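Chemist: One letter stands for each residue in the lines below.
Protein chains: 2
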Amino acid sequence: MKLGAYLDRRRAEVNGALETLLPRPEGPAARLLETMRYAVFSGGKRIRPVLALAACEAFGGCVEDVLAPAAALELVHTYSLIHDDLPAMDDDDLRRGRPTAHKAFGEAEAILAGDALLTLAFEVLATRPAGAAMAARRAEAVALVARRAGYSGMVGGQLADLEAGRKPPAEAPLEWIHRHKTGALLSASVEIGALHAGAAAGDRAAMARYGEAVGLAFQIADDLLDRTASAEALGKTPGKDEKSGKATYPALLGLDASRREADRLVALALACIPVTVKEPAFLDALARYAVDRTH
Amino acid sequence: MKLGAYLDRRRAEVNGALETLLPRPEGPAARLLETMRYAVFSGGKRIRPVLALAACEAFGGCVEDVLAPAAALELVHTYSLIHDDLPAMDDDDLRRGRPTAHKAFGEAEAILAGDALLTLAFEVLATRPAGAAMAARRAEAVALVARRAGYSGMVGGQLADLEAGRKPPAEAPLEWIHRHKTGALLSASVEIGALHAGAAAGDRAAMARYGEAVGLAFQIADDLLDRTASAEALGKTPGKDEKSGKATYPALLGLDASRREADRLVALALACIPVTVKEPAFLDALARYAVDRTH
Numbered sequence: 001m002k003l004g005a006y007l008d009r010r011r012a013e014v015n016g017a018l019e020t021l022l023p024r025p026e027g028p029a030a031r032l033l034e035t036m037r038y039a040v041f042s043g044g045k046r047i048r049p050v051l052a053l054a055a056c057e058a059f060g061g062c063v064e065d066v067l068a069p070a071a072a073l074e075l076v077h078t079y080s081l082i083h084d085d086l087p088a089m090d091d092d093d094l095r096r097g098r099p100t101a102h103k104a105f106g107e108a109e110a111i112l113a114g115d116a117l118l119t120l121a122f123e124v125l126a127t128r129p130a131g132a133a134m135a136a137r138r139a140e141a142v143a144l145v146a147r148r149a150g151y152s153g154m155v156g157g158q159l160a161d162l163e164a165g166r167k168p169p170a171e172a173p174l175e176w177i178h179r180h181k182t183g184a185l186l187s188a189s190v191e192i193g194a195l196h197a198g199a200a201a202g203d204r205a206a207m208a209r210y211g212e213a214v215g216l217a218f219q220i221a222d223d224l225l226d227r228t229a230s231a232e233a234l235g236k237t238p239g240k241d242e243k244s245g246k247a248t249y250p251a252l253l254g255l256d257a258s259r260r261e262a263d264r265l266v267a268l269a270l271a272c273i274p275v276t277v278k279e280p281a282f283l284d285a286l287a288r289y290a291v292d293r294t295h
Numbered sequence: 001m002k003l004g005a006y007l008d009r010r011r012a013e014v015n016g017a018l019e020t021l022l023p024r025p026e027g028p029a030a031r032l033l034e035t036m037r038y039a040v041f042s043g044g045k046r047i048r049p050v051l052a053l054a055a056c057e058a059f060g061g062c063v064e065d066v067l068a069p070a071a072a073l074e075l076v077h078t079y080s081l082i083h084d085d086l087p088a089m090d091d092d093d094l095r096r097g098r099p100t101a102h103k104a105f106g107e108a109e110a111i112l113a114g115d116a117l118l119t120l121a122f123e124v125l126a127t128r129p130a131g132a133a134m135a136a137r138r139a140e141a142v143a144l145v146a147r148r149a150g151y152s153g154m155v156g157g158q159l160a161d162l163e164a165g166r167k168p169p170a171e172a173p174l175e176w177i178h179r180h181k182t183g184a185l186l187s188a189s190v191e192i193g194a195l196h197a198g199a200a201a202g203d204r205a206a207m208a209r210y211g212e213a214v215g216l217a218f219q220i221a222d223d224l225l226d227r228t229a230s231a232e233a234l235g236k237t238p239g240k241d242e243k244s245g246k247a248t249y250p251a252l253l254g255l256d257a258s259r260r261e262a263d264r265l266v267a268l269a270l271a272c273i274p275v276t277v278k279e280p281a282f283l284d285a286l287a288r289y290a291v292d293r294t295h
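If you read the sequences in order, they're chains A and B. Sequential numbering of the first sequence, starting at 1, is according to my numbering. Sequential numbering of the second sequence, starting at 1, is according to my numbering.
Some clues are possibly wrong.
Just so you know, same-sequence chains aren't split out, so a pair can sit in one copy or run between any two.
SDA-like cross-link-like pairs, simulated, lysine to any residue; straight-line CA separation at most 20 Å [what the hints assert, rightly or not]:
id	residue 1	residue 2
1	Lys103	Glu163
2	Lys167	Glu107
3	Lys167	Ala30
4	Lys103	Pro87
5	Lys103	Asp91
6	Lys246	Pro28
7	Lys103	Asp90
8	Lys103	Met89
9	Lys45	Leu225
Hints were generated in silico from the structure; no laboratory data involved. Bear in mind the structure is a predicted one, so any value in this text is a computation, not a measurement.
Generate coordinates for the entire structure from the input sequences, incorporating the hints supplied.
Modeler: Following this line, the structure appears as structure tokens:
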């Protein structure tokens, strides 16, 4: 199967899982659920869940078992986007070609929808896959995602990124920021897939490094696209990072060196895939996909 | 032991647990940790953790085992206060006599500190108490708190409360709001204590009803104090609810009927304590404490 067809199939499965996790908006929490659904169903690439599914498959696990936990990673990602877009943070009006959640529903609604998505993600990770035999893995999955998403991971990276915006780009700890803001949750995604497939601790650690490298490559590719793609292709205003003086690899190293760094990270990711993996094809293709978008 | 001495002892234990859960602010996430610690160590009453410890004790559980999960409930409570105080929400400048987190550190810092506290709470619930034998209970604890704190619980209640502020008080689904905004997390607190003490499902359900009734009584008592207490006693500006036309029991029923409703809820809570509980004294005293503050 080609990567495109694989992505389409996996995304449809993930969207189905997300549909069942997010109830129809009704009752006193209707507006909250509406805001949550608006942000989740906005045409995201579903990279994190697809990575979880591909990692599970690569280690011979049951993809059905990891579908809900994989969807939970998209809930975490969506919450982080909603909060990042807020006026007090990146202050973005557009996301994927549509008004951001706070523009469409209001700021209080957006803050609370983010909070509720993060909370729901942990509920899902703690309850799926069901069964007493899986309880230890579920508890471990919660701990793993919490560590990668919290102050020592994604949220820490987000604040460091905001603080960096107040300094000259050259002084920003750029790799640290990317590693935490983007790398941590991508790393958690492949780890969740490997965990529920019963992969050994060493293989899971190797997959965490794979995920982190893919995450960094994705971030650099996104920053490159911000410089080179059209508004239509991006679904948001291009050149915003450059205008705001934001610390990015293109700003720091230039376009060519940034492309070389992204390519190096993809090579690193490929080299991290353990030789014990029986089906590395899609892990391989997904890593390449991170930067192919920019070529 | 008198309730005052019991509260002092338990609070000291909870504060010790919170100290170990929140690292000293250093490194790139220093400002985030500083904001988190500022909000957590601001003289809160620690009602939720104390309820968890008292419930654990009442069912003959090991208090030491439930100390970290109990502290996690205070992290969830603190995150909810930080986000509630934001300009887009209740827009409060003072909390417990000090500037609110966004006033002291900035709005982005406050949003992210709330996010990080919620995330840390789930990490703690998923990892403590340690040991393979406790894994199923840990996963259940995460699911339980997530359900009570999410869109069908606390966050749902918070948005309904904000929406109610835009309507005449009489039309607000006041009991629904209190039950979700305040009752849900107090209920989760006693359930966590009972769960880790190994209480039977029926007893845990009864304790959930106890916690919800205590939560509603606390909320009514707080709203009464907002009408009758001094700024010094409250640590914030009194009469704010009345001025803003906020839907509260005192606004809806008047002071006397609100006091009677709070007393009724305390009696209900006391009647929910299962007869199998060997040490009901502090569960009993904590329920009474909810309204004694207003007499």
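Chemist: Each hint: holds or not?
Modeler: To see whether the hints hold, each was checked on the structure:
1. Lys103 x Glu163: between (24 Å within a copy, 17 Å between copies)
2. Lys167 x Glu107: So lysine 167 and glutamate 107 pass the 20 Å test across copies only (18 Å; inside, 27 Å).
3. Lys167 x Ala30: Between. Shortest inter-copy distance 16 Å satisfies the 20 Å Cα cut-off; intra-copy 42 Å does not.
4. Lys103 x Pro87: both (10 Å within a copy, 16 Å between copies)
5. Lys103 x Asp91: both (10 Å within a copy, 19 Å between copies)
6. Lys246 x Pro28: For lysine 246 and proline 28, the Cα distance is within 20 Å only across copies (17 Å; inside one copy 41 Å).
7. Lys103 x Asp90: Answer is both; intra-copy 13 Å and inter-copy 19 Å each pass.
8. Lys103 x Met89: Answer is both: 14 Å inside a copy and 15 Å across each meet the 20 Å cutoff.
9. Lys45 x Leu225: within (15 Å within a copy, 50 Å between copies)
Of the hints listed earlier, there is not a single one the structure fails to meet.
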